[in-house]
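The primary structure of each chain is shown beneath.
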Amino acid sequence: MKYLTRTSLSTIGALAFAGAFTTSSALAQGAASAAPATDGFGGAGALNMPIPPAAKLVAITHATILTASHGTILDGTIIIRDGKIAQVGAKLAAPAGAQVIDATGKFVTPGIIDAHSHSSLQGINESSSSITSQVNIGDAFRQDGLTLYRQLAGGVTAANVLHGSANTIGGQNLTVKMRFGLPVDSMKFDKAPPGIKFALGENVRQTNGAQPGRTPRYPRTRMGVEELLRDAFTRAQEYQAEWKEYDKAKAALKKGQAEPIPPRRDIQLDPLVEILEGKRLVHGHSYRSDEILMLLKVAKDYGFRVASLQHVLEGYKVADEIAAANTGASTFADEWAYKLEAWDAIAFNASLMAERGVKVSINSDSDERARRLYQDAAKAMHYGNTSEEEALKMITLNAAWQLGVDKYTGSIDVGKDADIAIFTAHPFSPAARVDMTLIDGRVFFDRKTSPSLEALLQATKKTRAMGNGGSN
Amino acid sequence: MTDSKNRARWIALTSRLATVVSMAAILPAAIVAQSTPNAPKPLTDSYVIRNATVVPVVGPRIEKGTVVIVGGKITAVGATVATPAGATVIDGTGLFVYPGFIDSGTKLGLSEIESVPGGEDKVEVGQFNPHDVALTAVNSHSELIPVARYNGITSVITAPEGGLISGTASLMDLTGWTGDQMSIKTRAALVVNYPRVAGGRRGGGGGRGGPAAEDGDAVNQGVTQLRDYFTNAKSYADIKAKLAAGGAGKQKIDQAMEAMIPFVRGELPVIFDAESAAQIRGALAFGDEFKLKIVIRGAAEAWQLADTLAARKVPVIVGPTYAEPAASAAYDEIYANPGVLARAGVQIAFQTTGASNVRDLPFEVGITEAFGLDADKALEAITINPARIWGVGDKYGSIEVGKVANVFVSTGDPLDPRSHVKYLFIRGELIPLVDRHTKLYEEFKARPKPTPAVKKP
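As they're listed, the protein sequences go chains A and B. For the working numbering, add 134 to where a residue sits in the first sequence, where the first one is 1. For the working numbering, add 205 to where a residue sits in the second sequence, where the first one is 1.
Don't read these hints as lab results, they were simulated from the structure. One thing to keep in mind: the hints can contain errors.
[As the list claims (entries may be wrong)] Straight-line C-alpha distance at most 20 Å; calculated EDC-like pairs for lysine to aspartate or glutamate:
{"#": "1", "chain 1": "A", "residue 1": "K325", "chain 2": "A", "residue 2": "D216"}
{"#": "2", "chain 1": "B", "residue 1": "K650", "chain 2": "A", "residue 2": "D454"}
{"#": "3", "chain 1": "B", "residue 1": "K582", "chain 2": "A", "residue 2": "D454"}
{"#": "4", "chain 1": "B", "residue 1": "K654", "chain 2": "A", "residue 2": "E588"}
{"#": "5", "chain 1": "B", "residue 1": "K439", "chain 2": "B", "residue 2": "D493"}
{"#": "6", "chain 1": "B", "residue 1": "K600", "chain 2": "B", "residue 2": "D512"}
{"#": "7", "chain 1": "A", "residue 1": "K596", "chain 2": "B", "residue 2": "D512"}
{"#": "8", "chain 1": "B", "residue 1": "K654", "chain 2": "A", "residue 2": "D216"}
Predicted model, so just to flag it, every value in this text is computed and none were measured.
From just these sequences and the hints, can you work out the full model?
This is the structure we're talking about:
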């Protein structure tokens, strides 16, 4: 039970209900499954990878650096000291004693940040109730999900691990750095503010894959979803007021007076109060423009900001309203038509929202897509002519902003954590493969030592040459 | 959901669409959309694309080349060719001409909105449905078809799934008012799910891979059922041949058996969906046993048998590459598999398997280049290779004189998402690159700022 916050709770219930939705598509479930780690070359190979300790001083030299914040640097050097970016510029000499990574001919980007992940989880949904703010996804997160290694191999350095979309007010999130190979305690992105998953639309209404024989759960309509939200935040406001009153009485306590009795603790309402106080970020799963506007209106009425709208497939229809609410939008590159509410989803969504001033990120929501987010970002250039730097921001800096960690990661700037991906070619080109992924200046993925298919073929050749027989 | 509710929903959708289509008329596109997006009427039947880099796939690139299209066919290709008078001329300066891409495994036309059952025609009841022909159920007016064309895909294999013999796959061009008009080969190949081995492998990108087998017995049972069925079909075909040659006796007509005849005679290919090396080995042996013309599809572990597949000249359809390898596999198995096969000399092609994102085909191929698939081989795998595998290599798959004019003009490497397709021809018709996505994009791009202006907090 790691990452217990004051509002955290055991998720035995979540485990029991994991996979309660059974529809044909993972997208329709709003959840992905974690690949179990098993034996064999890939599984065992990755799980047994040694993680060399970080060098105190690292220099990545002769790279084409795509900074995501201030353009491209040719023949660039990044100097990393104690896991932080100490210097960035063209043709800087590597300092004496530095571990030098020669990136001649290679492209360096900030580590990719996935603003929507369900990776390496033992349970996705606690679907017994439509309000489950008391549960924390950290309780269901595994350190050994092989997918984490495979995502590192796709340049991912951080992710927003969320519950599924079964509930209007879902559970508390876990922002991780992908320090695969280290104990689970080391994976939490410590400086990330806490967040929570909200959800709207078909999944919450249990439209698809309704369970025969099960009593329909409230809410069944988008109207009910709004009512449920307003009711919950009204209760949270009352609860907040009780505590304020108590705090006031306690502060005004005079000698000899009886101690005021604190209100009864409510672990479901505590996170909602944090939202009202701006201490917890709301990540709102949404599809249709009407429900997007509804959530923004509810947030406005109760005085909080929605940090990000997730999926937000019709965000392009109400981009001005999203931008005005200072809310981020985290969407798919091109997924559509898998549900009725994804029928008006268009591949131009990211571009059009960005054009209207929304801070857009492109997320995976899938162990598979998380492996190639760099290609999904390129699709923003393909559909709607987003600029190269803006497209890169969609998988780095903008995602960091949505998760509240842009001060620490998301671009190649002095002072930030050295979360970096090194590509063999421009990350948006077909020739691009990740050669190396660093988190806090430490190499967590290195193609050279990775259990790749090429390495396996070479190993097989060797055993054959020694007369040990082949695998065919 | 009741039928009437479904119908109401569809009526609502289509009437919405009508208003969107009318907006398309004001698009600044070179070509104005016609009343149905899937079958636009050609404005002329002669086109000249000139001063472009022509990538014929078969043969070297032609710099500053010209492609002439007349009456649906490619009539001239070269650096200096005569151009017909009255032809519509496209200036290809700085642009590239490619043959249209072919996706060797989709559900296009058989699926619309996955979660809405009314639009799904992919899976028939029962284990053996060879007489179910995909084209029968293809909705020529599917909204998904123009979306697929957007990135240069001009032809696809579309096929049902499920059971041991899912049905007969159709090869079709992505234009036409009716299924018959779209058809290139209505009966292109038989689709067989080779039973999965004990322990199971990944079910591919979308749970393909046939009925789940829990143990070796179940696999044996599945293979035995297939063997029984093919034995029957072979026998049926033999009796039919003997009767035709004047032999005495008779045989009742059986629709399913009739459908099997060209396949058991080795005249048309049989696709075996097989992911693991064991499944592939099994499919090869099964093909030998019945002397079938086999194609292996899915084939995540085909790299283990690359030399065998090359030596035996068995084509392999890989993909989707937007999929995860098995937990026990190398992290890049899916991405690296096509390159290993191509280097060994296997004839490969690609499939995306779905319906809504057939447009991802070039990008699914592109991602494998970084993991070892040569760029030229990558192009062949979605042009000339599938044309040959599906028996239309003389008409499709390259830019050569006499071939069907399925051609597109791109701003760069079409496997690179930073490129854009500018013009697309299918059967010599210039097809507007207008689809559900572009229409909604244009519609909402033009949305005025809300008034009164909402201020930033």
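Cross-check of the supplied hints:
1. A/K325 with A/D216: Cα-Cα ~17 Å, so holds.
2. B/K650 with A/D454: Distance ~11 Å between B/K650 and A/D454 Cα, so the pair holds.
3. B/K582 with A/D454: violated (45 Å)
4. B/K654 with A/E588: The hint is violated at about 53 Å.
5. B/K439 with B/D493: Judged against 20 Å, a Cα distance of about 14 Å means the pair holds.
6. B/K600 with B/D512: Violated, at about 29 Å.
7. A/K596 with B/D512: Satisfied, since the Cα-Cα distance of roughly 17 Å is no more than 20 Å.
8. B/K654 with A/D216: violated (48 Å)
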